[in-house]
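Top line first, the protein sequences correspond to chains A and B.
Residues are numbered in my numbering as their position in the first sequence, beginning at 1, plus a constant of 1418.
Residues are numbered in my numbering as their position in the second sequence, beginning at 1, plus a constant of 1418.
Warning: the hint list may mix true and false statements.
The list treats identical chains as one, so a pair stands whether inside a single copy or across any two.
[Unchecked claim] No more than 25 angstroms apart at the CA atoms, straight line, and that leaves these computed lysine-lysine pairs for DSS-like:
| id | residue 1 | residue 2 |
| --- | --- | --- |
| 1 | Lys1618 | Lys1688 |
| 2 | Lys1790 | Lys1618 |
| 3 | Lys1688 | Lys1725 |
| 4 | Lys1584 | Lys1767 |
| 5 | Lys1688 | Lys1767 |
| 6 | Lys1687 | Lys1790 |
| 7 | Lys1687 | Lys1767 |
| 8 | Lys1584 | Lys1688 |
| 9 | Lys1790 | Lys1688 |
| 10 | Lys1767 | Lys1790 |
| 11 | Lys1674 | Lys1797 |
| 12 | Lys1725 | Lys1674 |
| 13 | Lys1797 | Lys1584 |
| 14 | Lys1725 | Lys1767 |
Honestly, the hints are just simulated from the structure, not real lab data.
Computed from a predicted structure; not experimentally measured.
2 protein chains.
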Amino acid sequence: MNLPCIPSGYPDGMKPRNTSLDRFYSVIPAGGIGSRLWPLSRADAPKFLHDLTGSGQTLLRDTWDRLAPLSGDQRIMVVTGRAHRAAVEAQLPALADLNMVLESEPRDSTAAVGLAAAILERREPGVIIGSFAADHVIGDRRLFVAAVAEAVAAADAGYITTIGIKPTEPAIGFGYIHCGAAIDIEGAPSALLVDTFVEKPDLTTAEHYVASGDHLWNAGMFIARADRLLEEIGRSEPELLAGLLELAEVWDEPAKRGQAVDRIWPGLKKIAIDYSVAEPAAAAGTLAVIPGHFDWDDVGDFASLAKLNSGGRKSDLAILGENARVLSDASSGIVVTQTSRVISLIGVKDIIVVDTPDALLVTTTENAQRVKSVVDALKLSGGTDVL
Amino acid sequence: MNLPCIPSGYPDGMKPRNTSLDRFYSVIPAGGIGSRLWPLSRADAPKFLHDLTGSGQTLLRDTWDRLAPLSGDQRIMVVTGRAHRAAVEAQLPALADLNMVLESEPRDSTAAVGLAAAILERREPGVIIGSFAADHVIGDRRLFVAAVAEAVAAADAGYITTIGIKPTEPAIGFGYIHCGAAIDIEGAPSALLVDTFVEKPDLTTAEHYVASGDHLWNAGMFIARADRLLEEIGRSEPELLAGLLELAEVWDEPAKRGQAVDRIWPGLKKIAIDYSVAEPAAAAGTLAVIPGHFDWDDVGDFASLAKLNSGGRKSDLAILGENARVLSDASSGIVVTQTSRVISLIGVKDIIVVDTPDALLVTTTENAQRVKSVVDALKLSGGTDVL
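With the sequences and hints as input, model every part of the structure.
Below, the structure written as structure tokens:
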């Protein structure tokens, strides 16, 4: 058996008693530009390649560092676009060549995670995979590890398992998970059945969800036995599954892989794993959730970035940028800068200023979700040089 | 007699009937950085060297073009800092060497205009000078020319004469002139005595001034016989006058000038001509005012620049910049850019964005007057590289 490397930093008491974690493999789909974070995030510098927390390293590297203690760094697979190969390798020097899966173009999460599942199941039947976005921010790692360990146990018992985040406020930017009855699974004492997945609610609904105590944020984390995941994909999207299995069959034969990708990948249906797997599994009573009690944010827009970097103090001005020279007078919000220009703010509240060498964004936290519309306008108006 | 060159573009019917205009000499004090327009205006690129109206030429050049029809381009003197010599020469190729007066350091308007008066009075006794800031914006030139022609006649009659602007709104950023009785002067039918000069008022007082009908904006324009101007300076500031006369005595002897400037100029008292000349003359009943009915603005801050460039439509976003690439959604105010960066604004009202290669300002029209405080903060904090 291929024992994962459990580093010495592994939290005390967190070492799982079951052995399902020995079969655990982390998958990091590193796709998505993060259009709401333009002009910081863009095609050649997507969100996961940025340090958005002032930690000194990229979100991708943060994700890796969170998962390495769980699966061992030889058991982390990254699925990303061909264009990002060099950047990902630079960020993750320990990533095995075998574990770099390159997409010729983005085909959404079912294709990305499903391909990883198919490849890994061929290599190692019975493997349990956990898919974690490359560009989310997570607080206490011990609590994260504890939740994943439970999720792996639930996955080993045959459930498609997600980790739902205990909401700290009635956020309207996230989807919610409506929890059902407790399930009795060894090694997963807090596992619950999932009743339904719900889309981003309005504020009143979100307040109701938070008050109810039985709703969690959908953080897009899925843990499952690879064979179970593929089974679910096959149930809702049989053609997509067929394409993935065909790819997986030749994946480890370099001479055949490239041709197969070119032939099959562009035709795969674009569908989020929430729709192809999670919702049908919830309906079938085979979706479990482990409540996560750690801080989590998908950093979906600059308002969330501002909150994340101001420690929750709304009156503060958060500043992100290695060479930032910011002078602020009676201003709040966030300045993100990639230049060393002097940036001076006077009397602007909840402002968002994003300063890059070739593009500048000025908006407010209230309008943060509208940033994507600028990207759309730039696409239409021939401003693609800055996208 | 040295007849001024009256170009063919001289407005019909505006040609003065008196001959005092033959003795008229324009003086343009081109000093002052315009700190409230930082980071656009700065030590090496002061306000008068910018095109702030989208006219395609600098305010200095606009000023020259306004005055040339009045005095002829051989009779315009520019008083500026040594550092701006090349820039001024480039802007004003017709400026005679003899008419370039260089200050070794700024000593405020009494010294600048007084030196010009002293030099010109020595060269041409009986000369009438008119001093006009290099960095103001003026609308209808025909109305301007008409007002100056009247002011020259009043000056010839011995009055220190100013041109006061008919207020169009209760501005709190300008000083006001309280008008008194009409004076009977040939060639100056609208001349009035000045009762008092009043400092920038609060809004209620300003509203009262505008309603009264007998208050004008102080636009800092002074027209006087040079001997009368020097006499007034001597009355309030005898030491300053002595220094100016000593400088003027050697001014046209290049071998002696430099040494005299180095010795005398730095010791001259810094005082605005409003205090040394206009207020005492008003008190003595020798200050006249010609009401000007043309549009005028001192472009004192970015709020006024925004208003100037939006045609008064507050809901609009004004854009200044040759290579501006601005995308705006539900935003108003002004963008001034010296770069070709894409600048995107979303949902920001009354915003001021000033984008230069090494400094960026974001504020609102309401806070426009506070920009100077940033310049002060930069001086204190070692940020002088961008001042």
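So which of those numbered hints doesn't the model satisfy?
Those not satisfied are hints 3, 4, 5, 7, 8, 11, 12 and 13.
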